[in-house]
Amino acid sequence: VITIFVYSNLISLIQCRCHQRIDWKGYTSVPFESICRKFPEGYPRFDMPFSCSDKNLIEELAYTIANRGFSCSKHCIISLKSNLSWKWNGIDQCWNEDVSCLNYKDELNHRNQVRDNICKDGIGCTTLEQPDQLTHPQMQKKCGESYTVNSSPQYHNPKICDTNGNSKNDIQDLSQSLVNGAFSRCQNWCVYSLKAPNEAAWMWNQKDQCWELSEDCLKNAAERGYVLDLKENILCQKPCQNLRNIGAHTENDILKKCPQYKKTTQGPQYHVSRVCETEVEQFERDELKLSLSNYAFSSCSAWCVFSIQRPHSKAWKWNADKQCWSTINTCLKIDSDLKFIEELRFSYCLAPESLSTSTIEKQIEIKKRKINIEKERREQNKEEREKRNKLRAENANQKQEMFKQENSVNKGGISDIQQEQVPRKPPVAPQPQPKSVQQSGPKLSDPELQKIIGGLSLVVLSFIFLIIYFQCSDFSDTNKRHRA
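Numbering-wise (our numbering), the sequence shown opens with residue 1 and increments by one.
No lab work stands behind these hints, which were simulated from the structure alone.
Just so we're clear, the structure is a prediction, and the values are computed from it rather than from any experiment.
Note that beta-carbon positions come from the ideal geometry of N, C-alpha and C, so glycine has one too.
Hints are not guaranteed to be accurate.
[Claimed, not checked] Each computed DMTMM-like pair below joins lysine to aspartate or glutamate, with the alpha-carbon atoms no more than 25 Å apart:
1. K105 to D229
2. K339 to E284
3. K317 to E342
4. K87 to D116
5. K159 to D132
6. K74 to E107
7. K142 to E97
8. K87 to D47
9. K141 to D54
[Stated by the list, open to error] Pairwise CB distance ranges, derived in the manner of DEER restraints:
10. T135 to G90: 31 to 37 Å
11. Q266 to D216: 51 to 57 Å
12. G90 to N233: 30 to 36 Å
13. N407 to I468: 51 to 57 Å
14. Q241 to K333: 24 to 30 Å
15. N233 to H271: 36 to 42 Å
16. T127 to Q209: 28 to 34 Å
17. T135 to D216: 26 to 32 Å
18. K105 to E145: 21 to 27 Å
19. E145 to L255: 54 to 60 Å
20. I464 to N407: 48 to 54 Å
21. S151 to L255: 49 to 55 Å
22. E279 to A393: 34 to 40 Å
Put together the whole structure using the sequences plus the hints.
Given below as structure tokens:
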């Protein structure tokens, strides 16, 4: 048990340690006989990294063999530096370039594992090639002799389909990605931006013979991972530097860039990131601050600042009167400043300008759409409120009219409106009463009648009192007899 435990920990420790990168000349010191059992019959000869076409030594194949990028029983070797692959020709005892080896998962997994275990110390790394080195012979050197001018996709052709994406920066980005092999294999139709592989990728359009930005390519995590590894671990020189964030925008930071910079009310103030326009979204304010943080101006006395994300469509000019930056298109016409910003932008790890521009324009369009929807909703609510208020006013007027009519009736008369609506009846003459019903004798006045009624009441009350008295006396006599 102790032996197994120690052995397992030793193996894991060995796996955690990286292997020193070996130059191509080191293939001669590889102990092939002990590794591959003295090359059994039918096995490829890894000690002979020669090409079948010209019998010359292939340095990239020798480098891969020197760093143990082979399996003894496999007839294919995939380069540790690029997308080249070779297959052993047992008859001629040499190696042929063969892209079919890239279809074997075991060989690909072995190549990736070996490459991951090599120490990232820069020894034996691949030199970063520049965009102007993109030619057909250069790409044929990478993809083999089978790659011709008419091959598809055309890696030597950095044409972009979108006319808005044919800026110098976009073409440089695509050219640098192509010439440095930012694709997993030479038959891949997707090429990833070497600067921002997680943000931008192009797909070959066979019909129009050009490259167009593709979101489908970005969905392939394995391909993106390959280009990320190429960017971070394989290339000797980093293709770009990361952008400084907006938090780096301070006066002291500006002083580092421009030692003679002074606060003044006359010249531009690069430490100020205030936009003159009031109705500006927050991300546009951040865009100005990001551009100032990354020194997107041609000189320390320039009055124009360009967007580091979309310099051909967005710029600001210092307004000395208001002490702020105004969005203005006149700066976009200064070719010398634009050329400087293009070179500056190319040094940063940024997605193509056409992609950045379209992304920002989509954000602006979405925001405008939301504002319009909110405006329509407010107008609709305003109309509904006006309708409700109008209806309430009409109901109040009706109630007030009804109240006036009721008051006029209660005061003892019919209102003028009612009098007009209800026709008046002719007065009825009083009919004489029959002679039998008519009263005879003199009529009594009210005081006399009251005196008569009062006298009768006294008589009735006296009579009731006498009755009660006699009944009470009879009751007392009966009680006396009972007691006796």
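Consistency of the hints with the structure:
1. K105 to D229: With Cα atoms ~18 Å apart, K105 and D229 stay inside 25 Å; holds.
2. K339 to E284: This hinted pair holds, its Cα atoms lying about 23 Å apart.
3. K317 to E342: Cα-Cα ~18 Å, so holds.
4. K87 to D116: holds, 23 Å
5. K159 to D132: holds, 14 Å
6. K74 to E107: holds, 8 Å
7. K142 to E97: Cα-Cα ~10 Å, so holds.
8. K87 to D47: Judged against 25 Å, a Cα distance of about 14 Å means the pair holds.
9. K141 to D54: holds, 14 Å
10. T135 to G90: 31 to 37 Å: holds, 35 Å
11. Q266 to D216: 51 to 57 Å: At 53 Å between Cβs, range holds.
12. G90 to N233: 30 to 36 Å: With Cβ atoms ~34 Å apart, the hint holds.
13. N407 to I468: 51 to 57 Å: Between N407 and I468, where Cβ atoms are some 56 Å apart, the hint holds.
14. Q241 to K333: 24 to 30 Å: With a Cβ separation near 29 Å, Q241 and K333 satisfy 24 to 30 Å, so the hint holds.
15. N233 to H271: 36 to 42 Å: holds, 38 Å
16. T127 to Q209: 28 to 34 Å: Check passed, 30 Å falls within 28 to 34 Å.
17. T135 to D216: 26 to 32 Å: holds, 29 Å
18. K105 to E145: 21 to 27 Å: holds, 26 Å
19. E145 to L255: 54 to 60 Å: At 57 Å between Cβs, range holds.
20. I464 to N407: 48 to 54 Å: holds, 51 Å
21. S151 to L255: 49 to 55 Å: Cβ of S151 to Cβ of L255: about 53 Å, so the range 49 to 55 Å holds.
22. E279 to A393: 34 to 40 Å: Given range 34 to 40 Å: holds, Cβ gap about 36 Å.
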